[in-house]
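Q: Take a look at the letters that make up each chain.
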Amino acid sequence: MSIYKSAVDKPITTLLIFVAVFIIGLFSLSKLPIDQFPEMDPPYISVMTTYAGANGSEIETNVTKLLENSLNSVEGLKTITSSSRDNLSLVSLEFKWGENLDERVNDVRSAIDMVYDNLPDGCSRPTIFKFNSSSIPIAQYAITANESYPGLNKILDDNVVTVLKQIDGIGTVSISGAPERYVYVELDPNKVDAYNLSVELIGNAISSNNLNLASGSVKMGKEQYQIRVQGEYVESSEIEDIVVSTTYDGRQIHVRDLATVRDTIKDVSLEEKINGKDGVRLIIMKQSGANTVQICNDVKDLLATIQPKLPPDIKITLIYDQSEEITHAIKGLGESIFYALIFVVFVVLFFLGRWRATIIIALTIPIALIVAFIYLLATGSSLNIISLSSLTIAIGMVVDDAIVVLENITRHIERGSSPRESAIYGTNEVWVSVIATTLVIVAVFVPLTMLPGMAGILFKELGWIITICVCTSTTVAISLTPMLCSKLLKAKDRIFNQTPSEEKKKKRITYENTVVRFLDKIDKLYAKSLYFCIRHKFASLLVLIAVFAVSMIPVIKGKVGTNFMPSSDEGRLSLTVELQRGTRVEETMKTARAIENAIYVSVPETQLISTSLGSSDESGISSIFSSTNNNKISMTVRCSKKNERERGIEEISEVIRQELAKIPEIIRYQVSTRGGGMGGSSLEVKIFGYDFDETNKLTAEFSSKMKEVEGARDININREEDRAELQIVFDKKKLARHGLTEATAAVYVRNRVNGMAAGYLKEDGEEYNIVVRMQEEYRNSITDMENMTIMSGTGSLIKLKEIAEIKEYWCPPSIERERRERCVTITITPYKVALSKLAASATEILNDMTIPQGITWELSGNYKDQKETFSNMITLALLILMLVYVVMASQFESFSKPFILMMSFPFALSGVVWALLITNKSLDMIGALGIILLIGIVIKNGIVLVDYINLMRDRGHALTDAVALACQSRIRPVLMTAITTILGMVPMALSKSEGSEMWVPLGIVVIGGMLVATLITLYLVPILYSIMARKGERDKNAKKRKNFYFMGLDDDIEQVNMNTFNAPTEKLTENKH
Amino acid sequence: MKAILIIFNQADTERIEYMLDEMGIRGFTFIENVQGRGSINGEPHRGTHTWPEMNSAVLTIVPDEVVDGVLANVRRLDKRNEEVGIRAFVWTIDQIA
Chain A
21 MSIYKSAVDK PITTLLIFVA VFIIGLFSLS KLPIDQFPEM DPPYISVMTT
71 YAGANGSEIE TNVTKLLENS LNSVEGLKTI TSSSRDNLSL VSLEFKWGEN
121 LDERVNDVRS AIDMVYDNLP DGCSRPTIFK FNSSSIPIAQ YAITANESYP
171 GLNKILDDNV VTVLKQIDGI GTVSISGAPE RYVYVELDPN KVDAYNLSVE
221 LIGNAISSNN LNLASGSVKM GKEQYQIRVQ GEYVESSEIE DIVVSTTYDG
271 RQIHVRDLAT VRDTIKDVSL EEKINGKDGV RLIIMKQSGA NTVQICNDVK
321 DLLATIQPKL PPDIKITLIY DQSEEITHAI KGLGESIFYA LIFVVFVVLF
371 FLGRWRATII IALTIPIALI VAFIYLLATG SSLNIISLSS LTIAIGMVVD
421 DAIVVLENIT RHIERGSSPR ESAIYGTNEV WVSVIATTLV IVAVFVPLTM
471 LPGMAGILFK ELGWIITICV CTSTTVAISL TPMLCSKLLK AKDRIFNQTP
521 SEEKKKKRIT YENTVVRFLD KIDKLYAKSL YFCIRHKFAS LLVLIAVFAV
571 SMIPVIKGKV GTNFMPSSDE GRLSLTVELQ RGTRVEETMK TARAIENAIY
621 VSVPETQLIS TSLGSSDESG ISSIFSSTNN NKISMTVRCS KKNERERGIE
671 EISEVIRQEL AKIPEIIRYQ VSTRGGGMGG SSLEVKIFGY DFDETNKLTA
721 EFSSKMKEVE GARDININRE EDRAELQIVF DKKKLARHGL TEATAAVYVR
771 NRVNGMAAGY LKEDGEEYNI VVRMQEEYRN SITDMENMTI MSGTGSLIKL
821 KEIAEIKEYW CPPSIERERR ERCVTITITP YKVALSKLAA SATEILNDMT
871 IPQGITWELS GNYKDQKETF SNMITLALLI LMLVYVVMAS QFESFSKPFI
921 LMMSFPFALS GVVWALLITN KSLDMIGALG IILLIGIVIK NGIVLVDYIN
971 LMRDRGHALT DAVALACQSR IRPVLMTAIT TILGMVPMAL SKSEGSEMWV
1021 PLGIVVIGGM LVATLITLYL VPILYSIMAR KGERDKNAKK RKNFYFMGLD
1071 DDIEQVNMNT FNAPTEKLTE NKH
Chain B
451 MKAILIIFNQ ADTERIEYML DEMGIRGFTF IENVQGRGSI NGEPHRGTHT
501 WPEMNSAVLT IVPDEVVDGV LANVRRLDKR NEEVGIRAFV WTIDQIA
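Residue numbers (our numbering), protein chains in the order written: chain A, 21 to 1093; chain B, 451 to 547.
Read the hints as simulated data drawn from the structure, not as lab findings. The C-beta atom is built at its ideal place from N, Cα and C for all residues, glycine as well. Careful: at least some of the hints might be erroneous.
Unchecked claim - Far from chain B by the CB rule (all over 12 Å, computed), these chain A residues:
| hint | residue |
| --- | --- |
| 1 | 328 |
| 2 | 398 |
| 3 | 472 |
| 4 | 746 |
| 5 | 796 |
What the hints assert, rightly or not - Derived coverage of chain A by chain B (criterion: at least 3 residues anywhere in the stretch with Cβ under 8 Å from a Cβ of chain B; other residues may be distant):
| hint | segment |
| --- | --- |
| 6 | 425-436 |
| 7 | 971-978 |
Claimed, not checked - Derived BS3-like pairs: lysine-lysine, alpha-carbon spacing no greater than 30 Å straight-line:
| hint | chain 1 | residue 1 | chain 2 | residue 2 |
| --- | --- | --- | --- | --- |
| 8 | A | 116 | A | 98 |
| 9 | B | 529 | A | 510 |
| 10 | B | 452 | A | 507 |
| 11 | B | 529 | A | 25 |
| 12 | A | 150 | A | 652 |
| 13 | A | 329 | A | 174 |
| 14 | A | 51 | A | 1012 |
| 15 | A | 98 | A | 85 |
| 16 | A | 857 | A | 717 |
Use the sequences and the hints to build the structure in full.
A: In structure tokens:
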């Protein structure tokens, strides 16, 4: 029992099976989370080690190098980079994409264990961090306030953060730039000295008078009481009244005599401004695997309910919400799918002219697509850009099988068979070739799932989805389609069909009179031109080769550039601006305001500017990841939606660059259009070399030359300029004489400058720091430092300059290394120029420069990724071509015939080149994917032609006749499948929605390639076939004759075989006698 | 008694079954998937990639007077569309056990 026969015999079972599949699919669709990309954990692990008191180069030699050497042997490691700066060593390991990071973490841990004993004493245990996608913020809100600003931290903590944290799947909710309440006790050093006191004494007095302590319990009679000492400060003003010491004449010295107590917010060195107003940023992250869109919506709803409960001056505005981009992108893709579906249905209706047949074919689309949702749910994936664009690609392909089956069934019905039997036997005749064409598609898409690297993660889903869709469509084509045909198609009775009113019919506008005539005309035109070409086959072949050669000229001339990923217009810009080193925070603020104003004027599309500058005092873990410093400003500019403005984000960024170039205080700036997601390309040039001076010189020379290159923007050097530092060098002998050690003396200096932590002020369950330190005016110059008083071991007061010398010196703030060598990275962003062209000019510049011995350079960054990905893809394309060859060769049972079809693929490349030139786009990773898809689609559509020519040859037609007949009768199916595929891609290529930059190149490449390849295939295949097959077939017949020579049959007899079936039958009867 | 061997395109199976039923012919032997090639014209039915169509055959032993009716029906079926293909062959049966 074959599947199609069972299906036709049991229509209800068949129907219900597919209804069940459909319902499960819909259920899966409702359960699928929506996300931007398939889940992918970037394969990075970092190892952080602190070694207090060491500077960058000490850290480099004593910690980083040791760790690097040991970690270098970890399996699966791709590159090792490190950064050594004061007190801190950070080694980052990049693994190959798709590695099991949990295992790698273990390997890293054991590698650290091996080297841990060799690390210097006092070095902390290295900490291992694993990055994952959940550490990228999914939404950011700006919260501005006027009067409530000082208390904003507490208000938000109590009312917003705790509420938001209850949302299902939400990760960290953090507030950046919130003012923290601090109690500062600022001392006048002169008074402190006059009373013979020290900072430490005062600090201890404050902290030891701030105490709640349980002191046991007392039994009195029948009762038992707990005893508590209750001495904690209730208000900060109490600190002023604390007695620090008593003079010899019995007078008490209060804190207020020595210092001013300020209960205030922390001194700003980190400033957040939103649209120029004081504000904070609310940063929301999600748990890995959670539904981004759902969380963002929940957050939005909750914030709307919270807003009225907050003080009226607090305003919450959205900076950025990933879900908006995702929903827009998904909506855009959904629309593409919808339009593609409509186009495909119309094409089918146009060619078939019967609505029942069209419905049967159109039904395969939703079924094939919905099975993909079941796959997505089963693998824990999501509705994302990749999965939905795969569906768009699939739409044009899933109808092909059904078309072939339906066409054959219709042929049977038109011959007068009953629909039921036509369905069974019609399917029986074609099901093998239907499966064979599907195998070609599978041969293209399954290898795609094996691609390594980031591209591999993206294309894995695509490969599986298309494979699943196409396989489902084949299953549908050989089960549901015959079943529906047997039920829906009407039997045609040929005898009664010939109605006498032929005359009347001709005048009416019917399908037969319009479309069929048009198609007949095309058939005729094609037949005529094809005969001409076959008659002049060598000349035509030369013309075709010439066309191909001409189309490749732009490639050789380098007119078609390559890129890694298209940069997408998310309506968001990030600016990083660097001022002169050592600039005071206050000065940086002024410049920030100036930049903001310039942006408002020159970019009216601006909706919100969020600025942050300076750095937080505390060197928490988070501060290693942010590079804000007192002289650095980072800004996020949000513009209006893509379709609401005329200028693209790239143009806007160029305008801002010009504005920034006008501000003299700015030394370096970067305007990046890359959002939180992927996209965009940049070129990195790495210069390796130990000597700082030489590499710096080289870097400076290179970047100044690079600035003149057209399209090179945002040239950024990752090695920061040397930083001015004050070094206190203690005289150890003098220290010893005063009963001090370097450690205690260092702590004393820190207490005076940075402040001494003197406990907490508790209020409403929150703790606020109390910090004792010198007034600012007494710690502002080297002289002030030298005049600081320190209490010696014997209790006498000495000045710092008596025991130490203060020197100013310059040091590199951090030492960056890669591949265990010191390295400088220069990042260059292309503007309206392909990455490959920029890389070429960079190489040229570097080759012209004299590079000292011991210094090497390489191109890296996205350019390297791109080269890797492209070379992977070329390998993949070769693998796919081989697999496709295997499938075709076994289908045709011929070594040579697959080449006829494969020759049409180069013309697809011509089409791609033309399409890219016309649309002025460069080839990126997604476009390259399109080329790989073309291998499958182009060859698949050509199979029908070769197969039918073979058939005609086998049925005994002479070569030229066979070729012409086959091509003429197959032009409609070939055109139909090609047009469905092309039109299926059109909505994708024309899409203007947000995030569409990702898949537009794919559409362009496939449409261009398909158009040209289909037109060329229609001529190339017959021409090549007639050139290649002529000799082969003749030899075959001779061989056959040779085998049966012993039978002594007449020479004429060889003509009596299948091949001469259409020859006059007299011969057959003659020989029988 | 005569033996009639009807060889026909699979696509006509239903019609042949209907004919036998209507004519009250109860006994027959049905042979599915038989290959063949016509002596004069028409496409071979070989079940191959080249000639994908297949025949089926019905062998039925009927009283002499039924034969003409069967043959007439077969001819009618054939006339309906000659491309589909149907033939009937008749010979005499000597004995039946």
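Q: Evaluate each hint against the coordinates.
A: Verification of the supplied hints:
{"no.": "1", "hint": "328", "result": "holds, 75 Å"}
{"no.": "2", "hint": "398", "result": "holds, 37 Å"}
{"no.": "3", "hint": "472", "result": "holds, 39 Å"}
{"no.": "4", "hint": "746", "result": "holds, 89 Å"}
{"no.": "5", "hint": "796", "result": "holds, 93 Å"}
{"no.": "6", "hint": "425-436", "result": "holds (count 3)"}
{"no.": "7", "hint": "971-978", "result": "holds (count 3)"}
{"no.": "8", "hint": "A:116 - A:98", "result": "holds, 6 Å"}
{"no.": "9", "hint": "B:529 - A:510", "result": "holds, 20 Å"}
{"no.": "10", "hint": "B:452 - A:507", "result": "violated, 38 Å"}
{"no.": "11", "hint": "B:529 - A:25", "result": "holds, 27 Å"}
{"no.": "12", "hint": "A:150 - A:652", "result": "holds, 28 Å"}
{"no.": "13", "hint": "A:329 - A:174", "result": "holds, 14 Å"}
{"no.": "14", "hint": "A:51 - A:1012", "result": "holds, 28 Å"}
{"no.": "15", "hint": "A:98 - A:85", "result": "holds, 17 Å"}
{"no.": "16", "hint": "A:857 - A:717", "result": "holds, 25 Å"}
In this structure, the one hint that does not hold is number 10.
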